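*Asks:* Chains as they are written, first to last, in the numbering used here: chain C, 53 to 396; chain G, 53 to 396; chain U, 53 to 396; chain X, 53 to 396.
Simulated from the structure, these hints should not be mistaken for laboratory data.
This one's a predicted model, so the numbers in the text were calculated from it and none came from an experiment.
One or more hints might be untrue.
Chain copies aren't distinguished; within one or between two, either way the pair holds.
[Stated by the list, open to error] Taking lysine to any residue and the SDA-like style, the derived pairs with C-alpha atoms no more than 25 angstroms apart in a straight line are:
no., residue 1, residue 2
1, Lys101, Asp338
2, Lys142, Leu396
3, Lys101, Gly253
4, Lys142, His77
5, Lys101, Gly234
6, Lys142, Glu361
4 protein chains.
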Amino acid sequence: MTVTAGILGATGAVGQRLIQLLEPHPDFELVTLTASDASAGHPYRDVAKWRIDAPIPETIAEMTVRRTDPDDIPDDIDLLFSSLPSDVGKRVEPELCEAGYVVSSNSSNDRTAPDVPLTIPEVNAGHLDVLEVQREERGWDGALVKNPNCSTITMVPTLAALDSFGIEQIHVSTLQAVSGAGYSGVSSMEIIDNAIPHIGGEEQKMEAEACKLLGAFDGREINWHEADVAASCNRIPTIDGHLENVWVETRDEITTEDAAAAMRSYESLDLHSSPDPLIHVFEEPDRPQPRLDRLHGNGMAVTAGGLRETSNGVQYNCLAHNTIRGAAGASVLNGELLLRDGWL
Amino acid sequence: MTVTAGILGATGAVGQRLIQLLEPHPDFELVTLTASDASAGHPYRDVAKWRIDAPIPETIAEMTVRRTDPDDIPDDIDLLFSSLPSDVGKRVEPELCEAGYVVSSNSSNDRTAPDVPLTIPEVNAGHLDVLEVQREERGWDGALVKNPNCSTITMVPTLAALDSFGIEQIHVSTLQAVSGAGYSGVSSMEIIDNAIPHIGGEEQKMEAEACKLLGAFDGREINWHEADVAASCNRIPTIDGHLENVWVETRDEITTEDAAAAMRSYESLDLHSSPDPLIHVFEEPDRPQPRLDRLHGNGMAVTAGGLRETSNGVQYNCLAHNTIRGAAGASVLNGELLLRDGWL
Amino acid sequence: MTVTAGILGATGAVGQRLIQLLEPHPDFELVTLTASDASAGHPYRDVAKWRIDAPIPETIAEMTVRRTDPDDIPDDIDLLFSSLPSDVGKRVEPELCEAGYVVSSNSSNDRTAPDVPLTIPEVNAGHLDVLEVQREERGWDGALVKNPNCSTITMVPTLAALDSFGIEQIHVSTLQAVSGAGYSGVSSMEIIDNAIPHIGGEEQKMEAEACKLLGAFDGREINWHEADVAASCNRIPTIDGHLENVWVETRDEITTEDAAAAMRSYESLDLHSSPDPLIHVFEEPDRPQPRLDRLHGNGMAVTAGGLRETSNGVQYNCLAHNTIRGAAGASVLNGELLLRDGWL
Amino acid sequence: MTVTAGILGATGAVGQRLIQLLEPHPDFELVTLTASDASAGHPYRDVAKWRIDAPIPETIAEMTVRRTDPDDIPDDIDLLFSSLPSDVGKRVEPELCEAGYVVSSNSSNDRTAPDVPLTIPEVNAGHLDVLEVQREERGWDGALVKNPNCSTITMVPTLAALDSFGIEQIHVSTLQAVSGAGYSGVSSMEIIDNAIPHIGGEEQKMEAEACKLLGAFDGREINWHEADVAASCNRIPTIDGHLENVWVETRDEITTEDAAAAMRSYESLDLHSSPDPLIHVFEEPDRPQPRLDRLHGNGMAVTAGGLRETSNGVQYNCLAHNTIRGAAGASVLNGELLLRDGWL
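For reference, chain C alone in the conformation it holds in the complex (with noise of 0.2 angstroms):
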């Protein structure tokens, strides 16, 4: 039996990968795009300025624009995936749980409330019980669900995989692309031989978001790990792809054979969208390269290389294809949790 899906701002760049995620996914059927008012109304092909290097799919193409509002959604769509701004996902995601919808959301929002589960399925699938006590608390028939800042996502699998190890303190400095930012974030005068070291909030939205990741569900709350994480958060002009540079401080010793070791060992989770490996370890010292690795797994893969030990840990860097597993993919994957643990 198809699910059928609907996703909340669809013609943003996130919402351009979704498209191209859910139109071939087996589960999902994808039947409603919402947009901005004055895209309603129309067909998608006209109001979306199209930026992937592949064609519309043609069925998408002529698929009449809905306005983001509850009164204008289907009431039997099972699933929304939500690429809002967060603005307006703070206002109309809450609504539309109220209204009986279950949403998994890649916009900020409510991300670190204590009763919304921030998942990456093969990190904390288990935090998705929360769901119980969202909905006993708020009073919802729907369901809201997160998924972290690409950031976030990019480095938390290769923690999560040396948590053993005992993580006590995480330095991590960001090399991001600029479709992190949306298709119009950032200009080319600001980003040509050059480089920001600032993304607003972003810096924060790792340190918070990485804490409630990698911590515990008691079956009533999430408790968040104690790790004291700093971050330090640069865009540079590169289209796709989030590198990163971690440093981990273990309780326990550990070299760079038993970071990879665990690294290439996590295990992933038998959904369609997560690779396997979900961690791909290289040998090179010189990769993982946003160009060159973003699209391992479909873009789904995490990979990482540079292992060095350090006076209290390791150090390496890591990469993830920012809209597909940092966005898109993120909450398609979180969709695909919803229904194997019986949530649509």
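Add chains G, U and X to chain C, keeping to what the hints say.
*Replies:* For chains G, U and X alone, coordinates are given in the frame of chain C:
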């Protein structure tokens, strides 16, 4: 009285910057250029692929290039600036010092030798006196002084400014420009829409050189600073200007105001190429940026910004022009210090 | 005696270049800056997102921005430089001229109007006298003079130099920098690892403006040149500097030596901002290049190279700095011409 | 029955693309790889700096590289694909053909020799029969077929489509990707924030090859097309995909509708690598663009757009993937043609 000067390895990227800085220099008269045997005997114009965005100075363009060989260098040169490949420098520089020449070198060989001063004049001018040990031990009439690696120079002035708070640990992530690898060091296919998280030996250079630079000279020996330094180096698609994310853990408590004040009030020197102030601290959170800020202080200033308090210190970003402050200008400045302190 | 000057639209990319050129200018004293209503009333520093790689001049930084409205502009301004969006220029510039102001404008409106001089001073200074017709017909006390589009300016000096051979046909293909579209004109996602073979209306502007510029003024009318011009315009990932491939078909026979000699000997003017020579012709076949050559003559020279004979003329490449010679500097130069010829 | 195939010069940029295309090819079985003497004897994985954004096929990675020498190539190879440097190709290819091998070559040597077919199968498959003349005159058992230069291939299908209107003159300006120069052909310092209006010999190649390709084979000789072709070639900062601005002057009148219809209906072939349609014509005025459109038809289609009428013909833009349709894919397609026509 003018000091006569020569450049060893004058055709490369750093050699060209040396020409640009020395030709109008009030203290030095550029009279000799050397290059590889293949270039020797030809006018500079014909063998240098000039790639600076200002014309070759006319008088330089017509100079005949000499071999990089003590026999081919006039005896009456007071000071040689070296931008030789390190394997050539390792062989030729000691020969020249033995033959009585004073060499201010940007090459990476011998930087950590105990009796070779590694200096950033505004930071550790006093280390120059280790030249007495050098002459005594090596029996040289000449002298060899080194400037650090471009990525080390970028951060060390800010670290020196903060060391009154007792630096215990440093994490640094670099976003380095392609010019640091020389004209053909990074191919366009490697770096367009990409970043490379590896520069051979660079992390080790930063970790060692920073401790030597911040060390104390006791009249006989340079006692290296004991801070724990962990560096992660990346190449990104910028032409000039190395940007760095730095975390400093200090013994004493430090606020962002303390850190900014310490940087702003860190003293410069009264040398021709020293900027005043040495460190410019931005209020804007998104600065410094390579393209906008690399020419601060004629490319000799360090700029900083993005200060944030962490659990045990501060984090910030800093930037310097890698082929001016980080290479050619660093050698010239060391030449000015040699002149001021009576070594010429 | 100094001429007091103002800038209409001072916060944009061209407005910032105007400030950079006018602040140290010996003839003009910059006393007024205007911008949109949202910016009016604030210090320039706070409303301009300054993006030039040199600091804002201090005196300018503190100036209070005014509204772009005749009522808000002081009466005693001698000359207004306009870098308004063309729809605003179309409305406001005639109002200002009617109110008695002399306006040197870079905006694209009214460039091909018969009684509006469109001038590159070194090429067609004589066209300025059509201002008498303008005042007569429009009943203005002020005056409106225009400079051409940046892509037109780049090629026209070389065409003027070759026109003694009788130009009959011109093909031109442009490789234009992103700054030509303003700070937010081209998003990074559109242009990294890409080129866009379309700039709305640009080809038509080049085709029309070139014929007007190369035309003859007979005392009453500007008789447009009858050459057939075909332009193809492209945006590429460069910051500044428009590069153009030009083919010229001439009535008379022409060799590459003829063409180079004609360009090199083409006369410049004795105006402050005019470079001498106006056109620099390279011998090297791979020049001019945007990054290396855009600052020739302080950004006011045109550079050319790559001359080849074709079956019926010559082909070559030319380049100019699009926001200096192609925009802000062009307006300033027209201001200098207005001053020299007694219109101020 | 499978055709056994080898690659001459398998480690370079085009060699890697050949591997990517041949490894899954239904007609060819890749059994031999050659490279320079320095690489011979080593596993391919160890000597190729693999730079395609998909992993090296496992079976290929372990193959031992051979010397590019007739003595080191197995006798039972049916077809050799050559991506040798042209000076090596000039020497080695005739030796191999004399030794009985059939060679489909991308190297630039011998492309304009009268008895060497230069083919784009969809355009001039019939030229292949000049191989009879070649064998007769040279006494070869083998055969040598060439594909054109990448910049020539990009435009010729569109020209062939328009030639029913009688092409008399062609002007073409190219915006070429860096991969066309091989992995180390263009340094990053040459091309970031820059464009280079010169590619040695490229303009002459385009002018000659286009006339040969569009010529008619009369059974003995290829009579070159008499159109006057003028090319201007530029390198820009894109990774893959050559974009070209073309003006065509025709004997008969032609509208943009005529031109679009002729391109759209131009027939493709029923060969494995031929796309259908061969030419995709965009309605959107700002397409084709390298990053968005280079993978049309798996990188084998030509895309066109921006049609405008001129005084004596039409102008338009066209694009093709330079290392697939323009090089490796072109050689593979010629191999498919050789197979179809019974030369293997």
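*Asks:* Decide, hint by hint, whether the structure agrees.
*Replies:* Going through the hints against the structure:
1. For a Cα distance limit of 25 angstroms, the shortest separation of Lys101 from Asp338 across copies, 12 angstroms, qualifies, whereas the shortest one inside one copy, 35 angstroms, does not.
2. Within a single copy, Lys142 and Leu396 get their C-alpha atoms as close as 22 angstroms, which meets the 25 angstroms cut-off; across copies the closest is 58 angstroms, which misses it.
3. For a Cα distance limit of 25 angstroms, the shortest separation of Lys101 from Gly253 across copies, 20 angstroms, qualifies, whereas the shortest one inside one copy, 27 angstroms, does not.
4. Taking the closest pair of Cα atoms, Lys142 and His77 never come within 25 angstroms of each other, the shortest separation being 28 angstroms inside a single copy and 51 angstroms across copies.
5. Within a single copy, Lys101 and Gly234 get their C-alpha atoms as close as 12 angstroms, and across copies as close as 21 angstroms, so both meet the 25 angstroms cut-off.
6. In this assembly of identical chains, the alpha carbons of Lys142 and Glu361 never lie at most 25 angstroms apart, being 42 angstroms within a copy and 29 angstroms across copies at closest.
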